[in-house]
Amino acid sequence: MDTPRTIHRNWKEYQKEIADDHFYYARSCIRQNFFPGSETAYLNILRNDLSLDVYDDPKHTTCTGIGYHTDIVPLETTMTVIARQFALMTEAGYENFLPSCVTSFGLYVEILDMWEHFPELEEKARENLYKATKREFNKPKNLVHTSDLIFHYREKIAENAKYSFVDVKTGQPLKGVEHIGCHYAKIFPSKGIGGSEFPYVLAGMIESWGGTVVDYPERRHCCGFGFRNYLVMANRGYSVANSKKKFESMAPYKPNFIVGNCPGCAMFLDRWQYTIGEMEHKTYGPNGRGIPVLTYEEMTGLVLGYSPWDLGLQMHQVPVEPLLDKMGIPYNAEEKYLGINGKNLGKPQLPQNCVL
Amino acid sequence: MKGKHVTIIGGGPAGMQAASQLSELGIEVLLIEKDNKLGGKLNQWDRLFPDQTPSMTLLKELQNAIEKSKVTIRLNTEVQKISNLTHGFDILLNAEETQHSDAVLLTTGFELFDARLKEEYGYGTYPNVITSSDLEKLFREGQPLTTAEGRTPSKIAFLHCVGSRDEKVGQFHCSRVCCITGVKQAIEVKQALPECEVYNFYMDMRMFGAGYEELYREAQEKWGITFIRGRISEAALNQENRIQIKAEDTLAGRPVRLSVDLLVLLVGMTASPCNKALAATSGAELRSNGFFNPVDPFNHSVESAIPGLYFAGTCTAPRNIGETLMEAGSAALKIHKFLLQND
Ligand SMILES: Cc1cc2nc3c(=O)[nH]c(=O)nc-3n(C[C@H](O)[C@H](O)[C@H](O)COP(=O)(O)OP(=O)(O)OC[C@H]3O[C@@H](n4cnc5c(N)ncnc54)[C@H](O)[C@@H]3O)c2cc1C
Ligand code: SF4
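Taken in sequence, the protein lines are chains A and B.
Residue 244 in this note's numbering sits at position 244 of the first sequence, with consecutive numbering throughout.
Residue 637 in this note's numbering sits at position 281 of the second sequence, with consecutive numbering throughout.
I should point out that these hints are in silico values taken from the structure, not numbers from a laboratory.
We treat Cβ as the ideally placed atom computed from N, Cα and C, and that holds for glycine.
Certain hints may be false.
As the list claims (entries may be wrong) - No farther apart than 25 Å at their CA atoms in a straight line, the calculated lysine-lysine pairs in the DSS-like style are these:
(1) A:Lys244 x B:Lys602
(2) B:Lys416 x A:Lys186
(3) B:Lys524 x A:Lys16
(4) B:Lys602 x A:Lys254
(5) A:Lys245 x B:Lys602
Stated by the list, open to error - Here are the in silico distance ranges between beta carbons for each label pair:
(6) B:Thr606 x A:Thr77: 29 to 39 Å
(7) A:Gly288 x B:Glu569: 48 to 58 Å
(8) B:Leu607 x A:Ala251: 28 to 38 Å
Looking at chain A on its own, in the form it has when it is part of the complex (with noise of 0.2 Å):
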């Protein structure tokens, strides 16, 4: 055994197979409302800055996540509802399946391991969706998270970075608070790059492009969504103070910004700031603002050079500006709440209790 007093770098243990290219994507349902423009962003980036190959099929539908994880949805359904995703994959001909939610990607590879271990579980489904629809699948040869894809790029994302997290006024790294989401590989730690102790999925870039990653001791903890702790209102005080505990545990700290994996961890751990704001006048940034929160796939782009507006950062709680001001990266204020064509989407009520 080793010597206790030696650190290892876990992380390194967990690795998994990466497919390079030719890749069936499947949207978020919630990424396309919470953050608007990180799919388009990510798929320009997929495709124009790394020329890959990238199916975006009209066709396909919700995984169910969220309703087979409060219960609405029976395992049944979900079953088929997947089956028919790899249905329409192997119908537009490729093998390698590329789901942009965390939510989603643990519940495909949840429901392939169960189909493993119980394959009439999988002729259940293959029966199921032939009689609904006529269709028939094959099993993804390769499936990964968007961000395992962008993770498998970074050196060549940083080649061809045009901004790095690096403050330009005083040449030190930026510092990013990461958040891999619970269902990215707290169920399957090994679908996950670097288990769920040694998340690296995110860290990898951060580092890959210039910042520091923040160890803080909430690192791993749930960021509040919970399914159940947020769709059912009266649970809705576990979810915040969740959130809480994490940016409590993450201020001493002083990050520049906060990275998710899942567009719902994303999404709490930007507007909770504000709602702890109004509730408790508290705020985690400097000067009572609040720590800027980011997508994986915004946080790509800024890196490559995308316009923040062009990237939906107008649409974050917390404003990203200060983040923006560090990286060196202009932008124009004018500009900030004109959506595409320049129609002006209006502004956003200021907070009563805090600055953000």
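Add chain B with the ligands to chain A, keeping to what the hints say.
Relative to chain A, chain B with the ligands alone:
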């Protein structure tokens, strides 16, 4: 009993005790040990529960008995194959050598659970998370009890059941000795550092042996050690480089969060990895957790279903040293009887 030969595989307390006793009974004994010295885990511990007898005192006693006997010792040899013949056994020593014996005693002991598998506790990641075995080493080498950075700890937590009673790591069994080891080590910490606050996080306190419950009481009353019923869910580093632990106090029904300077993981016993090969080649039966399975847990607890093949000590289940030594004596008598009957 002229001309009868027994091979004992594993030179820990069980193997040493059985070897000298069989030799006293006039049987020719070969004691094989894979390490470069005899003693098994006695070489790793400092003071033994329940009465803090130095481990070396007991080891010397066992060694003296071996030295007085005619036991042949073979070190640095790991046995991986036992052929079960019509008359006796062939034990493969290496590519060229085989030992023929009339009976075989397996005393392969146990392995410590690799605490890195419980990743959430950060062993191997945070230098101030150590195991009970590491702590024994520190005491044995007379090193001062400090953190990896050389600070004198003001708070230390022990976590029970690491790698035991844990379905997630495939170790369902209770390792039995870690509770009392936790009590003993907590007291030793207080003896070394009276000012240090000591916490033990446990699921159940299993104080099965004579004097154990008394020691547990002493730990609370005399040494002021705090016992909290609850398993730690996670250990992480905080800004002062201390280990922050989260647990639930299941008696008080409230969450606990504590920052400590050292977290000691009371690692359990797992089956020796060589058991698989030895079982496959000899026909001995294994339990689902990889320990050997004797004929029954009562009157035949040192016997395998194969005539002439015996077990003693922790190769069948977790035990303390007293029980291990008693089993070794019992196995020696059973082997003696078997050889007489087959003379
Ligand atoms: C942290 C900890 C502290 C403990 N402290 C105490 C205490 O204070 N008091 C107490 O009563 N008990 C204590 N115990 C229990 C004690 O260690 C065991 O009861 C004792 O070691 C059992 O002896 P054994 O001979 O069965 O096994 P071991 O001590 O494990 O010896 C087995 C030997 O067999 C050898 N071996 C294994 N396979 C092969 C092979 N294929 N070929 C050749 N050689 C092989 C090994 O190298 C080893 O030397 C403690 C246990 C732990 C985990
Ligand atoms: S002896 Fe105690 S610490 Fe060890 S496994 Fe049993 S209950 Fe857990």
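Against the structure, the hints:
| no. | hint | in the structure |
| --- | --- | --- |
| 1 | A:Lys244 x B:Lys602 | holds, 16 Å |
| 2 | B:Lys416 x A:Lys186 | violated, 49 Å |
| 3 | B:Lys524 x A:Lys16 | holds, 21 Å |
| 4 | B:Lys602 x A:Lys254 | holds, 23 Å |
| 5 | A:Lys245 x B:Lys602 | holds, 12 Å |
| 6 | B:Thr606 x A:Thr77: 29 to 39 Å | holds, 37 Å |
| 7 | A:Gly288 x B:Glu569: 48 to 58 Å | holds, 57 Å |
| 8 | B:Leu607 x A:Ala251: 28 to 38 Å | holds, 32 Å |
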